[in-house]
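S.K.: Chains as they are written, first to last, in our numbering: chain D, 1 to 453; chain H, 1 to 190.
Among the clues, some could well be false.
[Claimed, not checked] In silico lysine to any residue, SDA-like type, Cα no more than 20 Å apart, as pairs:
1) K155/H - E376/D
2) K92/H - T171/H
3) K92/H - V45/D
4) K155/H - Q426/D
5) K52/D - T182/D
6) K327/D - Q291/D
7) K163/D - N84/H
8) K92/H - E188/D
9) K23/H - I35/H
10) K166/D - K92/H
11) K66/D - Y87/D
12) K55/D - T182/D
13) K168/D - S48/D
14) K65/H - E188/D
15) K92/H - L183/D
16) K92/H - A192/D
17) K171/D - I86/D
18) K55/D - N276/D
19) K163/D - S48/D
20) K166/D - A81/H
21) K92/H - S48/D
22) K197/D - S207/D
23) K65/H - Q403/D
[To be verified] Where chain D lies over chain H, by a calculated footprint (3+ residues, C-beta under 8 Å):
24) 74–86
25) 95–101
No lab work stands behind these hints, which were simulated from the structure alone.
Heads up, the beta-carbon is just placed ideally off N, CA and C, and yes, glycines get one too.
What follows is each chain in one-letter form.
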Amino acid sequence: MSLEQSSNSSFDSQNFDEIDFNNESFEQEHTDTLRIMDNQYVFIVLPSSNIKVVKLQKDTTVSLGKFGTFHTNDIIGKPFGHSYEIYDRDKIKVIRNVAFYEVDLDDSGANNQKTVDDPSKQKLSYQDIEQLKKDGMEGQDIIKKVIESHSSFDKKTEYSKAKYIKRKEAKFSRVFTPVRPTLYSVWEYFFAKNPSKIRDMRIDTLSQMLTLSNVRAYAKLLVVDDTQGLLITGVMERLGDTQFLFQLQIQHLGYGIVLGVHDGEHHNYDIVRYMNFTKKVNNSLMVLSWQQIFKEECQAPFNYQDESKLSQKDLKFYLRKKANYEKVQEARKILWQGGFDGLLVASQYQPESILDTLVPYLAGSRPIIIYHINREVLVNTCVHMRISGKFLYPQITESWLRQYQVLPGRTHPSMSTSGGGGYLLQTIYTSTVLRFRVSIAGVKAVMYTAPIR
Amino acid sequence: RTIAPNGHLYTFEYHEERAKAAKQDFEKHGLSDLITTECRDVYKDGFGITDLVHAAAFKQKRIGKICCFSPCIEQVQRACASLNEHGFVEIKMFECLIRNQEVHTIPIYTVKDAVSKIKVQQDKKRKRNEEEASNSKAVKSPKIKQDPPNLYVAKTPTEAKGHTSYLTFATFLPVLDDEIEIIDKANELN
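With the rest of the complex left out, here is chain D (with noise of 0.2 Å):
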């Protein structure tokens, strides 16, 4: 079986690495979670519930397909959390976004024991439907007219209307919702579009991941990502800025330092860009290839040259080529100087080999997480670790979750609910290997300082 080449699918040739993201287009120095600002990514939650990601750029319009079209102008530095209703093709107006409504007691005696299944029931066809949408129908009265040519709607009992209304609301409503990106609303749209990109990491698995390894401010974290960068940008939403600088002269580890390891040449944290970091925040990741972290690889030395000397092109090539070998140089540096406050690892490689290279520059007694969808594959690793008595306390835990759906009298479990989340190894490194000596007196510990590297 061959390994997963990583994809870049979501973007274009470009050479990958040399899409720092720094880049003049995207950076921002401050951001505002409150309004929605131009050149930023924005989830549009769409009445179907199915989510579309747009990079609003301002004097454009955005199509969201059988829902309408809508200017960007119209809702750039409006703030999150308003709905808007497209009318007159492509006009919007903000309409407030309801939880649900309620639904009186039924005593009307409606039932469903002479309901019939038959098509025929509902007079308006779907090309009925569709020229009511051409003559610039509004949605509500779109979903009026449906509910008036239903033969037998007044059969349905309360609870059924309802659900039938909802539905139907989903289908024609022109209603949109922009939602500012989270860790959670990134989660969702990634979950739901590809979950084996992020390797059917479910919500709570990540969160348990961030706190389990104790990601805060000030620290310095080592991460193995194979999730397209999901993992990765939790623990930069934790982390915050910091004020590293490059070349290496001035260090504060201000607000804290990722450092992320990758499958392939260039990274493919595809996800960290959605969540508009500043340019702070994305400073504190840094990014190692599995082949440049090992020190007798990528030694070749940068081919400095007279930079008064080139032209204005090659300068520009020259200079950016210079700042990413540097940026290598950097990384690598930060790397081998260990003390790893800890190690998190969501990968398709063998955990016990990633353990065996990159645990030398954990501290002692830090946090050390591997997320695995397979659970043989951390079982296989539990016991590697319980042999070499360096690691304390290995666990292996799952996280079961299940949604409800709360309405008056209607309060149950969903029907449909996640079969699983991903299982995680969590433990503690100890920099000494622990042998226990049992005696008849009990037993005692027994200390061989391994070698710190």
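Fit chain H to the supplied structure of chain D, relying on the hints for placement.
M.R.: Quick look at chain H alone, frame taken from chain D:
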């Protein structure tokens, strides 16, 4: 941990002793810069803070989240009804539990081993009968070495936590003070 270093936490406890103990704990751990502890019954006296709080109060200019932790389903139903009344949206309720997986190394025997085991038992019985009959100790026959392969397995424990509580999340929306502005703009474009 999540809100440091720029955020702030306001916590309200209506039991005086617990409030005091919590405050001391926070000071001991060096967190008193980030946390303000108040002994206050918020149902009666309100929060006493205006629009600084993201995660709890109700007439805000900004979008925010609320999370309710309730052990009983009736509380959840009342909470959801009330949240809806006050204009909260995206009301979601979850229950979440941690399931442990105990890892063991077990030897895995085959049917062949099972048959040998029975034969060994029968042998033992026969020898014992022979010994009793002849009143002498027979020579011990060598034990058949059984060396089955080991399997690494994970097993869920017999008893596990069944319920902690229900978590209800909701989003509250900012005040629609610029609604009129938008309708005017739309009219202009017409």
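S.K.: Taking 20 Å as the top limit, are the C-alpha atoms of K55/D and N276/D close enough?
M.R.: holds (10 Å)
S.K.: Tell me if the straight-line CA distance from K197/D to S207/D falls inside 20 Å.
M.R.: holds (18 Å)
S.K.: Given the proposed pairing of K155/H with E376/D, does the C-alpha separation stay at or below 20 Å?
M.R.: holds (11 Å)
S.K.: Just to be careful, I want the Cα atoms of K171/D and I86/D compared with a cutoff of 20 Å; is the pair within it?
M.R.: Roughly 14 Å separates the two Cα atoms, so the pair holds.
S.K.: Are the Cα atoms of K65/H and Q403/D separated by 20 Å or less?
M.R.: holds (18 Å)
S.K.: Given as covered by chain D, does the region 95–101 of chain H meet the bar of three residues or more with CB within less than 8 Å?
M.R.: holds (count 7)
S.K.: Next pair to validate is K23/H with I35/H; report whether the Cα-Cα distance is within 20 Å.
M.R.: holds (9 Å)
S.K.: Hey, K163/D versus N84/H, does the alpha-carbon distance stay inside 20 Å?
M.R.: OK: K163/D and N84/H at ~17 Å, within 20 Å.
S.K.: For the region 74–86 of chain H, does the count of residues with a C-beta closer than 8 Å to a C-beta of chain D reach 3?
M.R.: holds (count 6)
S.K.: Is K163/D close enough to S48/D, meaning Cα to Cα at most 20 Å?
M.R.: holds (14 Å)
S.K.: Between the alpha carbons of K92/H and E188/D, is the straight-line distance 20 Å or under?
M.R.: holds (14 Å)
S.K.: Straight-line Cα separation of K92/H and V45/D no greater than 20 Å?
M.R.: holds (16 Å)
Of the numbered hints listed earlier, not one is contradicted by the structure.
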